[in-house]
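Colleague: Same order as they appear, the protein sequences are chains A and B. Everything in the first sequence is counted per the numbering used here, starting at 3 for the first residue and increasing by one. Everything in the second sequence is counted per the numbering used here, starting at -12 for the first residue and increasing by one.
Calculated directly from the structure, the hints in this document are not laboratory data. Be a bit skeptical, because a hint or two may be false.
[Claimed, not checked] Not close to chain A: a few residues of chain B, all C-beta gaps over 10 Å, as computed:
| hint | residue |
| --- | --- |
| 1 | Asn(-9) |
| 2 | Leu13 |
| 3 | Glu168 |
| 4 | Trp248 |
[As the list claims (entries may be wrong)] Partner residues aside, some chain B positions facing chain A, computed with beta carbon under 8 Å:
| hint | residue |
| --- | --- |
| 5 | His(-6) |
| 6 | Asp6 |
| 7 | Pro218 |
The structure presented is a predicted model; accordingly, all values stated were derived computationally and were not measured. Quick reminder that beta carbons are idealized off the backbone N, C-alpha and C, glycines included.
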Amino acid sequence: MRVTRGEIFGFLGPNGAGKTTTIKMLCGLLQPTSGSAIVAGCDIRTERDRIKRATGYMAQSFSLYPDLTVEENFRFFAGVYGITGARADARLQELFGDVELLDLKDVQAGALSGGMKQRLALACALVHDPKLVFLDEPTAGVDPSQRQRLWDFLYDLGERGTSLFVTTHYLDEAERCHEVGFMLNGTLIAQGSPRVLREQLRERLVGVEVRRPVEAMRALRALPGIADVTIHGYELRVLFDACVDLDVCGTRLTEAASAAGAPIERLYPLDPTLEDLFIGYARENVTPG
Amino acid sequence: MTRNIYHLALKEFLHLVRDRRTLAFLLLMPSVLTVIFGYAIGSPRVTGIHTRIVDLDGGRIAEEYEEAMSGSITFKPQVVSNATEQDIADAEEALRRDDISAFVIIPKGLSDTVEEGGSGTVRAVVDASDTFTAPSVLRELGSTTVQQNAFLAAERARREGRVDSVEEGLKKVSPIELATEMRFNPELKSQNFVMPGVIGLILQLLTVIVMATSIARERERGTMEQLAVTPLSPAEIFIGKLLPYFFLALLDTINVMLLAWLLFGVSLQGHFAAVAALVVAFILGSLGIGQLISVVSRNQSQAVQLAVFYILPAFVLSGAFTPIETQPEAVRPIAYAFPLTYFCHGFRAALLRQATLYDVRWDLAAMLLFVLLTFGLSVVLLRVRPDAR
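So here's chain A without its partners, still in its complex pose (with noise of 0.2 Å):
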């Protein structure tokens, strides 16, 4: 896979397929067993240290110190990349700006909330303005607004040059990336643009209305041809191997339900997303297109 500069490389797949098992070897924590990588112009294997130099990581759950203050933990994060004195006030005043975080400064950093100790993280990730920056899941647990505001300085990052590589579990975000990939079992199985990937299931998708949707997910799952049925209120979301003709589908569709005494009430062409794409993947029930 190849991320562009400057872009935002959204990288998905279920829990255990190995996504943060990638970046930490991209990022130099991890040693590969096999295979090789060229992160910001180095060889993962043997130019581990250049790699630290030229990327940004930011884990998972939240590393940084408690007990330090906001300037604290980013005056050491500074430090340790050699920037001191008048750049190290400058570049506090810069990033501190960008991710709100001025009027914190002096708030101890496990007294901070979810959103603002990931503007904290991401703030230290950035300290020595790395080529490209490593996320793993930089907003889980974090609320819808306070998510909106991290990825609008996402996108400024991205103007700027700097290319990021987001793993996350919403797929709203993932819809905002400019290229995504999807990992099973530690095998990277698409990638693409968000539009043409979700592309690739349109026509393979069907809407249909129904007033016991769970009876007729039941009987609709078991008819052949079909990959997966999923409950969204009173819809279901029909998933189908290959592309279908509605009309056609639709008499064998209703004739199932109404067998299991669920009649269909509407059929309707459906719109596809990243989440039928990703349900797709995870039930490993899809050929990679």
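Model the placement of chain B on the given structure of chain A, informed by the hints.
Modeller: Coordinates of chain B only, in the frame set by chain A:
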């Protein structure tokens, strides 16, 4: 390199200052322990042992024997005069109840027999379940008996006209006189022996535990990962983390030594270079061991368990309280696996016998070897698995 270490040391110092309770503990604990150990681990000599003298005889020789026993600081005897067989049974019972540690039976007619030139037997019954007091009782009774015998023999010699005075008679019957001179600790003050060991113990406790939890805490919090993605090298991480604790341990050393001097009059007249070198090498060695424990532990509780597992045998085997020579031959080699052993040995020599830097070179070398080994291993292990969980 220096810059990176400075930033880490500063961070570690901030942790230390922020955690007021731990800081207070680290500063006060050594003083409290010094006072406790200084008073508690007093003389290795047992004094004031409760004993009973069952006097069936009631004569002059029995009385003199009783006086000799009462005059010794080893015993605190109660005398049962005009005793009967029943008093012997009572004494047995008292021994069983642990009211007394030994009793002595002076047989009926002993004085008369001895005055007439005959001999008799004084029986001593000793509680051997206490392996500390029993040997003291035996030794002291032995020397009491020897003295009394010499005195009686001298008296007899004077009565028979062979010598003019009892003093002359004593010289006749025990011709060898022992003249002793005590060096380095003439008052036989046990604190002079124990305190250097106690200082070592306290320093070891402090350094091993604080260092053992340091890396483990970063792992537990997930901050080790964040450190590992920075350009910091394992060596820089170790040295930076260790510096604040090194200075804290030095401060504690000075603290404890002053307290040992003020409270227990322990001499501080060693050669400065030898004392300083021993302290520095020992602190570094112990910090190194703490570090190694930290690197192989996944979290703080594991680290503390391992640290205790290391500290306890060192406590017993290193010779901090009792000389290594009091241990069975088989376990003695284990003692040489602890820097504390070399420290106790060298530090005692430096404080009490004014040993020079050259005199303690082997102890120093052994401790420096520990520093190198523990640091080297820690660096290698941390490089292999920086974020091991």
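Colleague: Compare the structure with each hint and give your call.
Modeller: Okay, the hints, checked on the actual structure:
1. Asn(-9): Non-interface label fails for B/Asn(-9): nearest chain A Cβ at 6 Å, not farther than 10 Å.
2. Leu13: holds, 16 Å
3. Glu168: holds, 58 Å
4. Trp248: holds, 36 Å
5. His(-6): holds, 3 Å
6. Asp6: holds, 7 Å
7. Pro218: At 5 Å from the nearest chain A Cβ, B/Pro218 passes the 8 Å test, so the hint holds.
Checked against the numbered hints listed earlier, the structure breaks hint 1 alone; every other hint is satisfied.
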